[in-house]
Amino acid sequence: AQTVTQSQPEMSVQEAETVTLSCTYDTSESNYYLFWYKQPPSRQMILVIRQEAYKQQNATENRFSVNFQKAAKSFSLKISDSQLGDTAMYFCAFLRPNTGNQFYFGTGTSLTVIP
Amino acid sequence: GAVVSQHPSWVICKSGTSVKIECRSLDFQATTMFWYRQFPKQSLMLMATSNEGSKATYEQGVEKDKFLINHASLTLSTLTVTSAHPEDSSFYICSARDFGASGYQETQYFGPGTRLLVL
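In order, the protein sequence lines correspond to chains A and B.
For the first sequence, my numbering gives the first residue as 1, with consecutive numbering after it.
For the second sequence, my numbering gives the first residue as 1001, with consecutive numbering after it.
Treat each hint with caution, since some may be false.
Sample of chain B residues at the chain A side, in silico, Cβ under 10 Å [stated by the list, open to error]:
(1) Leu1046
(2) Ser1083
(3) Pro1112
Think of the hints as simulated: they come from the structure by calculation, not from any bench.
Using N, Cα and C, we set each Cβ at its ideal position, and we do this for glycine too.
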């Protein structure tokens, strides 16, 4: 079974600064997808960024980027120029494609952006 | 990204009644949808996988007679909490599986969730 670990239950960052959220996972698969989802106080799960394991290039989406280290099974999320609206719970997730299986979620990191 | 709606957004009911929650994929077809339950400050817990045209697959410990799932079309899955009790009070979230325009970019998109309070 796959496991996803987020070792930082809570983090805070000053507005406009940069913060990195860590995620590690354990799998014997070679082909898989990794995701970061954001859950603000509204509790709507919002897709932040997606990475395919076969791609060496790290995914980026505006202020959000990942550091994907396949050999180390690490998938950290970097948020640049943090904004107050970034305050949320962030979940790292693992998915085996085309298997009909569910996501494996980490336990989440609660991020607070301080004005 | 793709849009998933969920209705109702919140519901309060009396103990012993049944509650139906709808999950719709608005701009894509979803052969597979998932139902999660989330307790405060915790991660999402998968309850069941809903497959269009076939029976749902339930996770261990989830009572299939308690949580009835119907996936009658490619855009709609429903979760019915039968004979609800206070311990069923929770936040329920659905997600729908999408493969993108290429057919290979598998992603899940989530509904906004339903807050259920059983009195």
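Here is what the structure says about each hint:
1. Leu1046: 5 Å, holds
2. Ser1083: For B/Ser1083, the interface hint is violated, since the closest Cβ of chain A sits about 26 Å away, which is over 10 Å.
3. Pro1112: Hint holds; B/Pro1112 Cβ to chain A Cβ min 5 Å, cut 10 Å.
Of the numbered hints stated above, the single one contradicted by the structure is hint 2.
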